[in-house]
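Based on the sequences and whatever the hints tell you, model everything.
Protein sequences appear in the order of chains P and Y.
The opening position of the first sequence corresponds to residue 1 in UniProt numbering, with each subsequent residue numbered one higher.
The opening position of the second sequence corresponds to residue 1 in UniProt numbering, with each subsequent residue numbered one higher.
Calculated directly from the structure, the hints in this document are not laboratory data.
Mixed in with the good hints, there may be bad ones.
Said to hold, decoys possible - Here are the simulated lysine-lysine pairs, DSBU-like style, with alpha carbons at most 30 Å apart:
1) P:Lys326 - Y:Lys89
2) P:Lys330 - Y:Lys68
3) P:Lys193 - P:Lys405
4) P:Lys308 - Y:Lys68
5) Y:Lys89 - P:Lys405
6) P:Lys405 - Y:Lys150
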Amino acid sequence: MSKFHVNRRTLIKSGAAIGAGLALPTIFTSSANAYMNEPKGGSVVFGFNVPQTGPYADEGADELRAYQLAVEHLNGEGDGGMIGTFSSKMLKGNGVLGKKVEFVSGDTQTKSDAARASAKSMIEKDGAIMITGGSSSGVAVAVQGLCQEAGIIFMAGLTHSNDTTGKDKKANGFRHFFNAYMSGAALAPVLAKNYGTDRRAYHLTADYTWGWTQQESIQAATEGVGWETVNNVLTPLATTDFSSYIAPVLNSGADVLILNHYGGNMVNSLTNAVQFGLRDKMVNGKQFEIVVPLYSELMAKGAGPNIKGVFGSTNWSWTLQDEGTKAFVKSFGEKYGFPPSNAAQTCYAQALLYADAAERAGTFDPCGIAESLEGFEFDGLGNGPTLYRKEDHQCFKDVLVMKGKEDPTNEYDALEIVEVTPRAQVEYAPDHPMFAGGDLGKCNSGA
Amino acid sequence: MDAIILQLLNGLDKGSAYALIALGLTLIFGTLGVVNFAHGAMFMIGAFCAVTMQKILGISTITLDPEKLDFLGKPLQIKTPIVESLFGKGLGDSIINWSVPLSILLAIPVMLVLGYIMERGLIKHFYKRPHADQILVTFGLAIVLQEIVKYFYGANPIPTAAPDMFRGSIDFGVLIGFAENAIIYPAWRLVYFLFSMAIVGAVFAFLRFTTFGMVVRAGMADRETVGLLGINIDKRFTIMFGIAAAVAGLAGVMYAPINSPNYHMGMDFLVLSFVVVVVGGMGSLPGAVLAGFLLGILESFASMNEVKSVIPGIDQIIIYLVAIIILLTRPRGLMGRKGVMEE
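Okay, here's the thing in structure tokens:
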């Protein structure tokens, strides 16, 4: 029978281990502060979690530029950008609640686990009061979940999956960007008008949350105007050569190819589709067409001339002529030498919306900020009148239908606005089947 | 039938890239005994030679057009390529249009020099170290090279166009007796396949029919004996490293119009190419080429909807599945020397 020896060293080691073990589950729920990472000094830290590597790295770089610009404007540097056009007049360019805004950045690598690790580090080590960013819905859903557990506000960046404010919605998460349902609702009538209602569509879909909901949405919307869906083929996110997926389209009887791809994936799949002569083909007595439901300026630039005449949708465009857009484009363009992408605009808007909510709430307490954002109506941030819906924390605003420009005048002029779809046309009930399931839950302040 | 031929062409095309990268890897392993994880980066740098040539030929003089405004409301900058100014619009446009084939002229010296520097500057210090050390150092080098490219060229893919005459697709079916429009295939992909065959042929001819190649082959078989004959085999192997880098670089140059070059494209091909080398037989040049085409074709057929509906996800694992079967039944690979990986 073994004996249980206790000496001083064993006791200290055991005590430390037990203490650390007990402290672990409460690392996010320390009661030292009124809420998680309550700022004590003269500054407050924002956490910018963007992809700096991986297939969406270029979007991430533009997001980071926008965040840095937002920080400058919040601190009273530069020309103030959209602070001057924002309908809420709480931001004065003196930081937020009198505290200077500082920031830390992390690399999500477009991978959920890396994004969570990076967000966790910013919360625990850097004391970030909120996390924002991302260029993938998989990442957004993962980081949103982490922020909910941690008691930190997550202001989503580029995330277009219905799930982000659908089955994976969280009380601590807010999305300014539009979603896949809205893309479908805006795009389908334009497609029907231009290509007719008797079409057969073949989908290639990125195999993760965004691709799935994007495909489901565009399929429902196009079938709603009379189109038939021939096939839907899932493609892994890491695919670079899509020729094997494009070849079967040729003999499928489809006359439209819908590419539910984004970033580098979309650049490659569109390039491959054009190489295989799809755009020159006549099928079922009709000109074969390609559709890219979610567009970005960076993707359009990467795809080069292949994008000409291809329809898609986007959250915002630097070519809009409202005062907010003009102010942001001037500010961003003069600082960086080129126009901002819609990823940059949504991230800039999210940083301002968070800061404004804190000012209106008079606190950085996540629950105060959440209350301040819920049901908030605003204008002047480039998208026209916008509502942050209380039920799911989704922003509702007009959606742009875009087309690859046939005759671009410069390298930034790749896309043109075909239609500004009014908000009413893309709205849906919070319990819409595509957004069903999940629970917003209750705000967590981490206290 | 037409779908099968289409996938066969796709497979040959994919196999071309695998075979060329694997050929270079095998050359390096067969001569220097080094497992070079930086070889994918050579492929990527080759593609960026095409991007660079495109940028060089696009260098322009700028004039302001006060009639048109840019996105900030300032007079629009009109760019006129210097090549156009020097050679006239017609010839200037043609030169720009042929930037990818022309970039072969840039890629060959760049890759040879880069290969030489890599081998002399870093890799030679690892000859006597275990393969694990070689893998670590060359993998690190690959990351450094791709980060350098990312720093200068950005993370976004850069569209690099083939010459106009090869930009569209051709009716391949008509060429082999099928009905019109039955098998349409991208013209540049056919060029890529033919180019790859030419490179493979040139490398084999070089090794087979030149004195230099004969000595290298002798060195691959018995390095010490060749050295005892007073031949500086190390110098020849260094040159072979440069040639291997050039082969990967040329594969990258010509691949640029197929998928827009990006900084991590080398890594995308690297692992698959190593599998190709193992399946073909470590150190076997014909094995590398054969396995490259074989696995490219198998991967292509596995991605057919009809096949995936029977075995979902087979397209993602087929290459590894084949590798496992080959290694279990014939550890030396399809054409590897007896004893290699069999101990």
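Hint check:
1. A C-alpha spacing of about 37 Å is found between lysine 326 of chain P and lysine 89 of chain Y, which places the hinted pair above 30 Å, so the restraint is violated.
2. For the suggested pair lysine 330 of chain P and lysine 68 of chain Y, the alpha carbons sit about 17 Å apart, so the restraint of at most 30 Å is met.
3. Simply put, lysine 193 of chain P and lysine 405 of chain P have alpha-carbon atoms about 18 Å apart, close enough for the 30 Å limit, and the pair holds.
4. Proposed proximity of lysine 308 of chain P and lysine 68 of chain Y is supported: the alpha carbons are some 22 Å apart, at most 30 Å.
5. The straight-line distance between the Cα atoms of lysine 89 of chain Y and lysine 405 of chain P is roughly 25 Å, inside the 30 Å bound, and the hint therefore holds.
6. The suggested pairing of lysine 405 of chain P with lysine 150 of chain Y holds, with an alpha-carbon distance near 28 Å, which does not exceed 30 Å.
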